[in-house]
Amino acid sequence: MENETKQTNTNEQEPDIFAQKLREADSLYAILSGCTKEPYVYCDPETMDDAILLFTDEEGAKVGAQKLAEQQIPVGIAKVDRKSLLLFYTSLYTMGVNAIQVHVGEEQKMIQLTEFVRRKDPEESKNGKVWVENPELHLTMLYYMQDLRRHPNQEITPELNDLQEEIGAHFTKGRYIVPLPEEGNGIPLVKLKSGDIFQPIFTDVIEFQRFNREKKFRPVVVDALKLAQVLPEEAKGIVLNPLGVNMPLTVQKVKKQPEAPVQKPVSVEAQIDAAIREVQAEAGRE
Numbered sequence: 001m002e003n004e005t006k007q008t009n010t011n012e013q014e015p016d017i018f019a020q021k022l023r024e025a026d027s028l029y030a031i032l033s034g035c036t037k038e039p040y041v042y043c044d045p046e047t048m049d050d051a052i053l054l055f056t057d058e059e060g061a062k063v064g065a066q067k068l069a070e071q072q073i074p075v076g077i078a079k080v081d082r083k084s085l086l087l088f089y090t091s092l093y094t095m096g097v098n099a100i101q102v103h104v105g106e107e108q109k110m111i112q113l114t115e116f117v118r119r120k121d122p123e124e125s126k127n128g129k130v131w132v133e134n135p136e137l138h139l140t141m142l143y144y145m146q147d148l149r150r151h152p153n154q155e156i157t158p159e160l161n162d163l164q165e166e167i168g169a170h171f172t173k174g175r176y177i178v179p180l181p182e183e184g185n186g187i188p189l190v191k192l193k194s195g196d197i198f199q200p201i202f203t204d205v206i207e208f209q210r211f212n213r214e215k216k217f218r219p220v221v222v223d224a225l226k227l228a229q230v231l232p233e234e235a236k237g238i239v240l241n242p243l244g245v246n247m248p249l250t251v252q253k254v255k256k257q258p259e260a261p262v263q264k265p266v267s268v269e270a271q272i273d274a275a276i277r278e279v280q281a282e283a284g285r286e
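Using the numbering used here, the first residue of the sequence shown is number 1, and each one after it goes up by one.
Please keep in mind that the hints were generated in silico from the structure rather than gathered at the bench. Among the clues, some could well be false.
In silico lysine-lysine, DSSO-like type, Cα no more than 27 Å apart, as pairs [what the hints assert, rightly or not]: (1) 129 / 191; (2) 253 / 191; (3) 79 / 37; (4) 21 / 37; (5) 79 / 129; (6) 109 / 129; (7) 37 / 62; (8) 83 / 173; (9) 226 / 216; (10) 193 / 129; (11) 129 / 62; (12) 215 / 193; (13) 79 / 109; (14) 79 / 226.
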């Protein structure tokens with residue numbers, strides 16, 4: 001995004017007002033993509049950071065959104081309250097975002113996510129649960145859908161084709177959350193505008209929780225190469241994160257194999273708790 005605001009280089013001996021605002025603000029304002037319903041992501045041309053835009057005041061956010069709109073980039077503004085900040089920051093890890101461009105008044109600064117919200121590397125938990133995240137895939141899908149839906153009738157460009165190949169490569173390496181009903185039979189399905197039926201799956205537990213707000217479903221972890229075995233007969237394929245990036249993928253059905261032991265993902269509460277501990281530890285070191 002073209003920006004006329006001042007880029008600040010904070011003296012190491014002075015308190016970092018930008019990081020302080022991120023930790024202590026009563027609310028912040030994020031720029032959301034109208035194409036993905038998630039924070040708008042962009043690659044900084046100088047640092048190559050995959051970043052989002054955060055503002056400390058609503059008027060500043062409106063100005064930032066207007067600049068993007070002038071470039072025919074559909075965006076909106078979302079207010080993030082203090083009680084939701086940690087979950088918001090944690091979700092950036094699952095999105096593959098590594099930096100936040102923070103705007104305070106007329107000044108701005110790029111802050112690395114790892115310097116602000118630190119956490120341990122995702123790993124197998126001791127109680128047999130698994131940590132499900134696909135940040136590289138999630139990020140690539142965001143870039144792809146931001147471009148594709150911005151120009152829905154465009155031909156596939158070399159850049160979009162490259163992103164498609166990246167999505168395919170990342171997808172086959174991942175494992176995903178499949179929702180199953182807490183009681184009874186039946187798998188939830190999603191009908192797209194085309195009328196085609198797809199099975200919803202999720203890249204991480206935060207996306208699953210967005211879908212499961214009424215707690216009607218339980219999460220089951222399935223490797224990418226086994227998704228075709230659990231695909232319902234009436235489903236044409238899968239749709240990744242239907243309340244977010246909402247990306248459908250056609251899947252070739254295969255004969256179902258004997259069921260493998262069910263794996264459960266680490267809960268979102270556990271992930272947030274881990275983030276809280278890291279933030280508190282970081283604050284104590286300052």
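Hint check:
{"no.": "1", "hint": "129 / 191", "in the structure": "violated (31 Å)"}
{"no.": "2", "hint": "253 / 191", "in the structure": "holds (18 Å)"}
{"no.": "3", "hint": "79 / 37", "in the structure": "holds (13 Å)"}
{"no.": "4", "hint": "21 / 37", "in the structure": "holds (24 Å)"}
{"no.": "5", "hint": "79 / 129", "in the structure": "violated (33 Å)"}
{"no.": "6", "hint": "109 / 129", "in the structure": "violated (38 Å)"}
{"no.": "7", "hint": "37 / 62", "in the structure": "holds (17 Å)"}
{"no.": "8", "hint": "83 / 173", "in the structure": "violated (34 Å)"}
{"no.": "9", "hint": "226 / 216", "in the structure": "holds (24 Å)"}
{"no.": "10", "hint": "193 / 129", "in the structure": "violated (36 Å)"}
{"no.": "11", "hint": "129 / 62", "in the structure": "violated (42 Å)"}
{"no.": "12", "hint": "215 / 193", "in the structure": "holds (26 Å)"}
{"no.": "13", "hint": "79 / 109", "in the structure": "holds (20 Å)"}
{"no.": "14", "hint": "79 / 226", "in the structure": "violated (39 Å)"}
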